[in-house]
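Engineer: The chain contents come next:
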Amino acid sequence: MIRTTLALRACPGCVALVLAGGIASGCGGGSDGRPVLTFSGSAVGREAEILERQFDRFETAHPPWRVELRSTPDSADERRQLYVQWLNARAARPDVLQLDVIWTAEFAAAGWIRALDDFAPVVSDFFPGSIEADRWRGSLYALPWFVDVGMLYWRTDLMPQPPATFEALMQQADDVMQGEGLPFGFVWQGARYEGLVTVFLEHLGGFGGQIVDEHGEITVDSEEAVRALTYMRDAIWSRHVVPSAVLTWQEEQSRFAFQNGQAAFMRNWPYAHALMQDSRGSRVAGKFDISLMPAAAGGSPTAALGGSHLAINAYSAHANAAFDLIAFLTAPDQMLERARVAGQFPSRLSLYDTPALTEALGLAASSARRVIESARPRPVTPIYSELSDILQIRLHRALSQQQEPREALGEAASAMRAALTRAGLDGGTRRYD
Amino acid sequence: MRRWLPTFATWLLVGAGLFPLYWVVAASLGPESSLFEGRSVIPSVIVFDHYRALFDERDFLIPIRNSLIVASATTLLAVTAGSLCAYALARLRFRGKTTILAAVLAISMFPQVAIVSPLFLALRAAGLINTYPGLILPYLTFAMPLSIWLLVGFFRQLPDDIEEAGLIDGASRIRTFWEIVVPLSWPGVTATAILTFLYSWNEFLFALSFTLEPERYTVPVAIALFRGQYQVAWGQILAAAIVATIPVALLVLIAQRRIVGGLTAGAVKG
Amino acid sequence: MPQRMSIAESREVRMAWLFAAPALLAIALVAAFPVLWTFWESLHRHDLRLPWLGRPFVGLSNYREAFTDARAWSAIAHTLFFTATTVSAELALGLALALGLNRPLRARGPLRAAALLPWAMPTVVAALIWRFMFESPGGSSWFVDPLAAWVPIVLADVWKMMPFVALLLLAGLQNIDHSMYEAAALDGAGPVRQFAFITLPLLRPAIAAAVVFRSLDAFRVFDVIYVMTGGGPGTATEPISLYAFTALFRDLRFGFGSALAMMVFFVSFFLALAWIRLLATPESVT
Chain A
-2 MIRTTLALRA CPGCVALVLA GGIASGCGGG SDGRPVLTFS GSAVGREAEI LERQFDRFET
58 AHPPWRVELR STPDSADERR QLYVQWLNAR AARPDVLQLD VIWTAEFAAA GWIRALDDFA
118 PVVSDFFPGS IEADRWRGSL YALPWFVDVG MLYWRTDLMP QPPATFEALM QQADDVMQGE
178 GLPFGFVWQG ARYEGLVTVF LEHLGGFGGQ IVDEHGEITV DSEEAVRALT YMRDAIWSRH
238 VVPSAVLTWQ EEQSRFAFQN GQAAFMRNWP YAHALMQDSR GSRVAGKFDI SLMPAAAGGS
298 PTAALGGSHL AINAYSAHAN AAFDLIAFLT APDQMLERAR VAGQFPSRLS LYDTPALTEA
358 LGLAASSARR VIESARPRPV TPIYSELSDI LQIRLHRALS QQQEPREALG EAASAMRAAL
418 TRAGLDGGTR RYD
Chain B
103 MRRWLPTFAT WLLVGAGLFP LYWVVAASLG PESSLFEGRS VIPSVIVFDH YRALFDERDF
163 LIPIRNSLIV ASATTLLAVT AGSLCAYALA RLRFRGKTTI LAAVLAISMF PQVAIVSPLF
223 LALRAAGLIN TYPGLILPYL TFAMPLSIWL LVGFFRQLPD DIEEAGLIDG ASRIRTFWEI
283 VVPLSWPGVT ATAILTFLYS WNEFLFALSF TLEPERYTVP VAIALFRGQY QVAWGQILAA
343 AIVATIPVAL LVLIAQRRIV GGLTAGAVKG
Chain C
172 MPQRMSIAES REVRMAWLFA APALLAIALV AAFPVLWTFW ESLHRHDLRL PWLGRPFVGL
232 SNYREAFTDA RAWSAIAHTL FFTATTVSAE LALGLALALG LNRPLRARGP LRAAALLPWA
292 MPTVVAALIW RFMFESPGGS SWFVDPLAAW VPIVLADVWK MMPFVALLLL AGLQNIDHSM
352 YEAAALDGAG PVRQFAFITL PLLRPAIAAA VVFRSLDAFR VFDVIYVMTG GGPGTATEPI
412 SLYAFTALFR DLRFGFGSAL AMMVFFVSFF LALAWIRLLA TPESVT
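Those protein sequences? They're chains A, B and C, same order as listed. Take the first sequence: its position 181, counting from 1, is numbered 178 in the working numbering, and each next residue is one higher. Each number in the working numbering corresponds to the 1-based position in the second sequence with 102 added. Each number in the working numbering corresponds to the 1-based position in the third sequence with 171 added.
In isolation and in its complexed conformation, chain A is listed as follows (with noise of 0.2 Å):
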């Protein structure tokens, strides 16, 4: 009996120890006692070697510093919905977050990245359209660090070169079908996720559209948009040059489609480049280039512009060390490595004057160099999340044949216009005030 009293007494004191060591654990530098500056993005493939590489050189470069990486899910959305939950619990790690490009402006207008100005980056380097993306109102954000943009691959060993419109891309595919034998003649990605929303945006912007306009107004249910959706629905149901399982095909599926020398044609980003050269997977290795996206007329080729930029979390203790790490990682030649390690196309447009990048890449820096300038952002606003999941919807509904595109496009802009009023964000999606 006494000896239960005593610890009963006892427990209190335990308690107090247990807290007091909660509170203290949850602070504090690295194990070795160096302040460690953490990094959080993709570390897909080799993408986590060229990474550590990179950090490596980092600590030589600027001592007593350490960098550690903080793995996320592959998948983008999840990665954001982790950055999400990190940056609204104000946590101060990590302090370099790689984030899409669609997400700088969501992100710096919550307050939970911090503005790089204080720093005076040098930007005239850099593309364009990327750094427009990381503006917001009036202040610039994060810096580009690899650009994404849509292409067209095509079969070089089935047609002399790639089609300039539409019509012809639809007439060339149809002539491989028959006369090799193809199951496919295009594919791209159509499952009711972002992806599908590049698509569109690179079909709309060859028909002449475009989701916003110069005023920030929501123009997606114009003349334009009706006839490129309605030209993506027949070209699956009624030309039958695409297969209708893309419509739940992501990157990966159209790619091993092309991959597999199913189709004549695919759409995907750069990444698919590097990984459809390789001879031991690949059967199409050596047999395709890519190209910029067709055009209508009244339209020109237009690329969706996606890519990765790195910003510095708002509640960092270390901005001062992260801004260093951002400018690292963004110097021409670590670039240049990631570009050769990666196959990922740098944002600096210095690099594609140099033979070194086509080197790197293993096609030729002009041909990417054309298709990055036809590249076109996405709407750079705060609720592009929420635009993107009323977009996706109609599409997948029009593409699907639950609805006509002229009906489900003129409810997506109105929900988007709806959108875009409940968020205060009324003078469209002007980035400025």
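Because the hints were derived from the structure by calculation, they are not lab data. Keep in mind that a hint or two might mislead.
Claimed, not checked - Covered, in the sense of this in silico footprint (three residues per stretch, anywhere, with C-beta under 8 Å from a C-beta of chain B), are these stretches of chain C:
| id | stretch |
| --- | --- |
| 1 | 194 to 205 |
| 2 | 295 to 302 |
Unchecked claim - Part of the chain B face toward chain A, derived, beta carbon under 8 Å:
| id | residue |
| --- | --- |
| 3 | R226 |
| 4 | I231 |
| 5 | N232 |
| 6 | L314 |
Claimed, not checked - Simulated pairs of lysine to any residue, SDA-like, Cα-Cα distance not exceeding 20 Å:
| id | chain 1 | residue 1 | chain 2 | residue 2 |
| --- | --- | --- | --- | --- |
| 7 | A | K284 | A | G176 |
| 8 | B | K199 | C | I447 |
| 9 | B | K199 | B | W251 |
| 10 | B | K199 | C | L196 |
Think of the CB as a built atom: it goes at the ideal place given N, C-alpha and C, for glycine as much as any other residue.
Using the hints provided, position chains B and C relative to the given structure of chain A.
Structural biologist: Only chains B and C this time, still in chain A's reference frame:
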């Protein structure tokens, strides 16, 4: 024939209930290739690859440590403060007892999602997100009422006159409590502690909302967040599931009479 | 009219409050106050992604939005469906197990422990076990069909909670006087009639307590569905708690999410009051 049928049926029901557990244990001890196909009911080969990977690659000791700390601290606080309160409600006379008891019970029924957002805002303002106190304090929302409720049931069962012996001797209320009442109701106190620990170990929603890094994940959160990688590592998930179940399984096996007593005392009787 | 208390009595009252204070204060702080705060939040517009909008008072407009939101109605329908199926299944199976355990079995202790095991494990683990059982990579998946996905969900919950219901009913069964059965047997009543006319009526209070208690839990369901399907495919298996959680922590709409959470609270509160009243009425114990 009639005699053994119900017994047989009972064994069958319990056995069927345990089969999924057995299936998972067998899967976790088998090689990666046979996770989904080509598996017989009795495993032919046993490997510990998944368990090794669990502790080497994923550092599963960390969530275990976190869960142990949080569940223990919660149980300590809840049972200590709860027993004092339960004693007052069960054995001392004052007005408002029934209202308080009803309120405590009602509060234990609060859906967690209804209080998670203000708790989040408060913890964030106090800088307690992703810390141990940041979990222990919210856990009291269910641990405290649970402890009070169970202990009231146990204290009520004690004979009426045990305090009088102490009081006549001139001891204070609190000494009577520590030295007479608590030791006498020790089975009830341990049952309460075990159940409180169980609920705290298994808790998920608060842990999901109030932790940010694997360094502070509890066991349920760590397991749940294994998913989301490109390839779902089922072998490791199952191994983790088994490891997560072992402490509570041990508790149940050792203390099942106490647990059952606690549950039925609190839940069915008044 | 309260009589004046003696000094000893008033001292007792003071001691009582002293004893009760720490626990009650803690509860008030971490549970009672937050609920009031959630209610207050539900009357405001609070979007954490749009800080420039501030936190204006908007009265009942969040509730109005919830009532006209198809997804909210679906979530409630899903929750009611889940509650109805799991509670009935748990009741039926739990009664069977309770009847089975209510006999002089040799291995009663270990049998009870074995039966309790599913209940004791984290819900997350139970969900993953059943997800694994129904997972078939390559084949057609249960989890992409809006209706089929419910099967593993309900199974996981019933598997986990049925032992608990069995326990509650077992306690009720053990309170029934054996002599009633003997008398009935003498009157020529067989086991079925004994069950229908003695067991069931006398077990009614325990059954009612179990039903209300489990309904309360089932209505608040979160863990098992979050882990097993995440509410998917799409939002086909999303219960109201998960929708509230998503609105709060993924969409960061604290005002709207709080309104949804309050809806869960009101229903739970109503059920909790019913359960408390059930407990308060004296049970018929022979």
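Engineer: State for each hint whether it applies.
Structural biologist: Hint by hint, here is what the structure shows:
1. 194 to 205: holds (count 9)
2. 295 to 302: Our answer is that it holds, as 5 residues pass the Cβ test (under 8 Å) against chain B, meeting three.
3. R226: holds (6 Å)
4. I231: holds (5 Å)
5. N232: It holds, given that the least Cβ distance between B:N232 and chain A is near 7 Å, below 8 Å.
6. L314: holds (5 Å)
7. A:K284 <-> A:G176: Measuring from Cα to Cα gives roughly 17 Å; hence the hint holds.
8. B:K199 <-> C:I447: This hinted pair holds, its Cα atoms lying about 15 Å apart.
9. B:K199 <-> B:W251: With a Cα-Cα distance of about 13 Å, the restraint between B:K199 and B:W251 holds, given a limit of 20 Å.
10. B:K199 <-> C:L196: holds (15 Å)
When each numbered hint is compared with the structure, no violation occurs for any of them.
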